[in-house]
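Asks: Here are the chains, one letter per residue:
Protein chains: 2
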Amino acid sequence: MITIYGYSPSGNCHKLRMLLGHLGRRLDQDFRWIETDSAHGATRPPEYLAKNPNGRVPMIEFDDGRRMVESNAILCWLAEGTPYFAGDAWQRAQTLAWMFFEQYSHEPFVAVARFICGWTPLDSPRRADLPKLRERGHQALAVMEKHLAEHPWFSSEGYGIADIALFGYTHCADEGGFDLGAYPAIRGWLDRVRAQPGFVPMPPIAMENAELVAQSRTA
Amino acid sequence: MITIYGYSPSGNCHKLRMLLGHLGRRLDQDFRWIETDSAHGATRPPEYLAKNPNGRVPMIEFDDGRRMVESNAILCWLAEGTPYFAGDAWQRAQTLAWMFFEQYSHEPFVAVARFICGWTPLDSPRRADLPKLRERGHQALAVMEKHLAEHPWFSSEGYGIADIALFGYTHCADEGGFDLGAYPAIRGWLDRVRAQPGFVPMPPIAMENAELVAQSRTA
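Residue numbers (our numbering), protein chains in the order written: chain A, 1 to 219; chain B, 1 to 219.
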């Protein structure tokens with residue numbers, strides 16, 4: 001059985017739940033989930049760092065001790081041989097290109113803005129970063145919108161792991177102060193993702209985080 | 001023939017030159033290189049953005065108009081079917097994990113610190129970011145050092161594209177103010193990479209950039 005070390009409100013971790021849902025794998029039957037609150041230091045103890053020196057979630061582990069880190073690499077492995085990572089070498093590399101885009105040009109802005117809004121106090125000095133993060137995040141959203149004007153999916157050959165990777169933080173971008181009103185193609189794509197067989201929604205964030213998000217909107 | 005839009009001092013672009021060198025492909029015979037100075041706006045004209053809306057280098061283009069972006073996705077495609085991207089699905093995903101690490105946990109700190117030192121004026125407000133960038137960059141280098149204490153390479157099954165990806169900016173990290181003296185395993189690995197057949201060194205950076213780097217060291 002696979003053990004996943006993950007933090008439920010993390011889009012990076014939720015990607016794995018999404019793909020496992022599409023693949024029909026069931027919690028506690030096909031995989032274990034060990035809640036690992038990376039927002040409160042759960043990836044910092046020496047036992048965790050011994051397994052993942054980079055101190056991040058998600059991480060998967062087998063009973064024989066084999067491990068893998070990096071959400072998008074884990075998606076590639078889990079999706080191997082399935083329609084979620086389909087196509088020839090060129091098409092699969094195009095799928096990977098969107099996954100590298102997600103980690104380099106999208107997540108560091110869209111996800112980090114959400115984290116600051118929902119997981120840091122209203123007087124955190126990190127909030128000074130929000131305008132720049134939102135500017136860069138909107139640049140990423142504009143690149144996505146442009147692609148979706150001409151293509152239904154980010155993955156080659158139909159819905160797949162590049163869509164799952166980009167859904168991870170785009171679907172909750174509003175919690176970071178991103179208004180998706182100006183991105184009709186993204187909104188249509190989010191709806192198409194939610195309609196996929198076996199789709200698993202992210203659980204709602206905790207009350208304290210939701211309150212900080214709400215206060216960030218009016219701050 | 002493949003056309004590469006690249007900026008020579010960019011580690012992300014140099015990755016492609018390295019792999020093509022290992023594969024025995026020759027400049028102007030097997031591929032074209034169009035120098036695209038991203039540090040001075042060459043990725044901003046509408047003609048470039050029409051091809052790559054994310055406005056970055058490198059980008060590859062075929063004569064029939066097919067294009068691919070994201071340095072590490074291009075490496076995957078060019079290395080397909082060669083020993084530089086070898087192994088089974090698990091091993092290839094482990095190689096990808098290091099490539100996602102490179103783009104998320106290494107490049108935004110090690111490469112950006114180098115850019116600020118060599119490509120921004122000495123009074124640039126961006127220089128205030130350097131201490132934080134160096135702290136995060138050293139965290140990435142420590143993760144690499146730990147891995148290399150037990151493994152010769154980052155790619156599964158021998159030298160390959162994860163090593164090329166990480167070499168891109170590690171070999172010139174000193175230009176960003178990173179002293180590699182505390183990382184003997186990284187220094188040994190850099191030497192092993194340089195000894196690989198067909199290795200292509202990055203060209204020296206321009207005089208004006210080298211002068212800014214030197215002045216950054218004493219500033």
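Calculated directly from the structure, the hints in this document are not laboratory data.
There may be inaccurate statements among the hints.
[Said to hold, decoys possible] Cβ pair distances, simulated, as ranges:
1. B:Pro204 <-> A:Gln215: 46 to 56 Å
2. A:Lys146 <-> B:Lys132: 27 to 37 Å
3. B:Gly158 <-> A:Arg194: 38 to 48 Å
4. A:Gln215 <-> B:Pro201: 33 to 43 Å
5. A:Gly181 <-> B:Ala50: 22 to 32 Å
Even for Gly, the Cβ is constructed at its ideal location relative to N, Cα and C.
Asks: Would you mind marking each hint as holding or not holding in the structure?
Replies: A quick look at each hint next to the structure:
1. Roughly 52 Å separates the CB atoms of B:Pro204 and A:Gln215, a value that falls within the hinted 46 to 56 Å.
2. For A:Lys146 paired with B:Lys132, a C-beta distance near 32 Å keeps the hint of 27 to 37 Å intact.
3. Separation of B:Gly158 from A:Arg194 is about 43 Å and conforms to the stated range, judged on CB atoms against 38 to 48 Å.
4. A:Gln215 and B:Pro201 have their C-beta atoms about 53 Å apart, which leaves the hinted 33 to 43 Å range violated.
5. Taking 22 to 32 Å as the suggested C-beta distance range, the pair A:Gly181 and B:Ala50 conforms, at roughly 26 Å.
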